[in-house]
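Engineer: Residue numbers (the working numbering), protein chains in the order written: chain A, 1 to 166; chain B, 1 to 310.
The hints are simulated quantities; they were obtained by calculation from the structure and are not laboratory data. Certain hints may be false.
[Said to hold, decoys possible] Label pairs and their computed distance ranges (CB to CB):
(1) B:P186 <-> A:G158: 53 to 63 Å
(2) B:E303 <-> A:T36: 48 to 58 Å
(3) A:S157 <-> B:E303: 32 to 42 Å
(4) A:E119 <-> B:D262: 40 to 50 Å
(5) A:D55 <-> B:A228: 40 to 50 Å
(6) A:P2 <-> B:F181: 28 to 38 Å
(7) B:A29 <-> A:A164: 47 to 57 Å
(8) B:K164 <-> A:G103: 51 to 61 Å
(9) B:S259 <-> A:H130: 28 to 38 Å
(10) B:D174 <-> A:P2: 40 to 50 Å
(11) A:A159 <-> B:G107: 20 to 30 Å
Fair warning: this is a prediction, and the values are worked out from it, not measured in the lab. Note that CB positions come from ideal geometry on N, CA and C, so glycine has one too.
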Amino acid sequence: MPKTHVSMTVNGKLVEGLVEPRTLLIHFLREDLCLTGPHIGCETTHCGACTVDLDGKSVKACTVFAVQAEGASILTIEGIAAPDGTLHALQEGFREMHGLQCGFCTPGMITRAYRLLQENPNPSEEEIRHGISGNLCRCTGYQNIVKAIQYAAAKMSGAQFQEAAE
Amino acid sequence: MIICRDRRRKPEGPEAGGRQGGRHDSRRAFAYHRPKSIAEAVALLSELGEDARPLSGGHSLIRMMKLRLAKPSDLVDLGAIAELKGIREDGPDIVIGATTTQHDLLGSALAARTPILVEAASVIADPQVRYLGTIGGNVANGDPGNDMPAVMMCLGATFQLAGKGGERRVAARDFYQGAYFTALEPGEILSAIRIPIPPTGHGYAYEKLKRKIGDYATAAAAVLLTMAGGRATTCSIGLTNVGETPLWAEDAARILVGSSLDPATVKRAVAAAEAITSPASDTRGPAAYRTKMAGVMLSRALERARSRAR
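Take the sequences, apply the hints, and build the full model.
Structural biologist: The structure is reproduced here in structure tokens:
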């Protein structure tokens, strides 16, 4: 099958490549661009480990063809921290609140939470749980993931994170 | 351009077809088209023949392609067609473009005029799927597990189908013929959905039983009703995933009209609704259980719709 030329902006940089139409966006990102932060967990749209931000939408990159992202602006976990390496509030939150165990789901969790907080800067615990319901953590660490997102929401709005009494 | 030089490239093309976990192991090669207008899309689909498929959000089709249950020769991507997107009011109706996403519905003031749409959209799959999954794909795919078809039957929606010969309209209640079989002809696409805006003060509910987030319904019920003087003046009921097609429970609704939705009448209506179901026994439960759950979802939806009616 002839290859198709695609170009898109990934983490602020214009990139281009030749792909078969059937190439999934996750493979283009990981194998052609070497952005291995977004993970392939299930490849069946369930787990959310491959979540990236595409034109302001959280999407599972295993269920989008690279050709569909022509002209799009994409943000992956590699583009979340500041250019000088300063961690994003979400990355800091996941570190401070122990929001990861094995870490496999973390890039998808953080990328999804990034969009959630853009749309809803002060979410309730229920809204956070609903908002990350497309991301699975098989270490069953949701409690601390929710705390990490609450930490980030507080920090981004200039407040101090207060853990709820257990 | 960034090129991955330090990693061994996996084989591509047909020779990679049998490899487990290979880059292209699960999808047959296809040609990709990205038309800019409905006319261009339907011309392409007629010209390319029956093995060509329209691609909308892709969250049913791409998954079917991975399972090799769909092996299209060509994909005609509807994503760049501006006239297929958006929600507008047109007299007594709202008209929703086919590639409007479930996420778009959640935040739309216009869609809020038919709140059952928003309630149903919020229980479809998960956030990432709702950002890309479209209402047109959901209703046109003919998957009895999808939520919107029963809601459309409940609302009395009409589907606008665009083909090479022009546009025709088919009522949602006449659209579904079997699992994955609909009134869509080869070469046609669903371009928009036309929904009569329900009267102010109507009651509504979409009750869905699912095992977990992202699952299809074990059973679900859509209810729309109006009340006056404590009695139901109109009632419409749709059922999801308890038959080969979504179901419009006309007899059940007729039993309820004129009643105060008293327990005895609701019980008769639930029995009438259960009687038209024919679910499969599957991982969601045996057929008899799923039929009963359709009844339970219907009684809960009736209760909630009544409590919302003014």
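Engineer: None of the hints should be skipped; say for each whether it holds.
Structural biologist: Hint check results:
1. The hinted window of 53 to 63 Å between P186 (chain B) and G158 (chain A) holds, with their beta carbons roughly 58 Å apart.
2. Distance hint check: the CB atoms of E303 (chain B) and T36 (chain A) are about 51 Å apart, consistent with the given range 48 to 58 Å.
3. With their beta carbons about 39 Å apart, S157 (chain A) and E303 (chain B) fall inside the hinted range of 32 to 42 Å.
4. Checking the proposed 40 to 50 Å range against E119 (chain A) and D262 (chain B) shows it holds: the Cβ atoms sit about 43 Å from each other.
5. A C-beta distance of roughly 47 Å is found between D55 (chain A) and A228 (chain B), which places it inside the suggested range of 40 to 50 Å.
6. Separated by about 34 Å at the C-beta atoms, P2 (chain A) and F181 (chain B) satisfy the suggested range of 28 to 38 Å.
7. In this structure the supplied range 47 to 57 Å holds for A29 (chain B) paired with A164 (chain A), their Cβ-Cβ distance being about 52 Å.
8. For the pair K164 (chain B) and G103 (chain A), the supplied restraint of 51 to 61 Å holds, since their beta-carbon distance comes to about 52 Å.
9. Range check, S259 (chain B) to H130 (chain A): about 36 Å between beta-carbon atoms, so the 28 to 38 Å window is met.
10. Take D174 (chain B) and P2 (chain A): their Cβ atoms lie about 42 Å apart, and the range 40 to 50 Å holds.
11. Between A159 (chain A) and G107 (chain B) the C-beta distance comes to about 26 Å, which sits within the given range of 20 to 30 Å.
In this structure, every one of the numbered hints holds.
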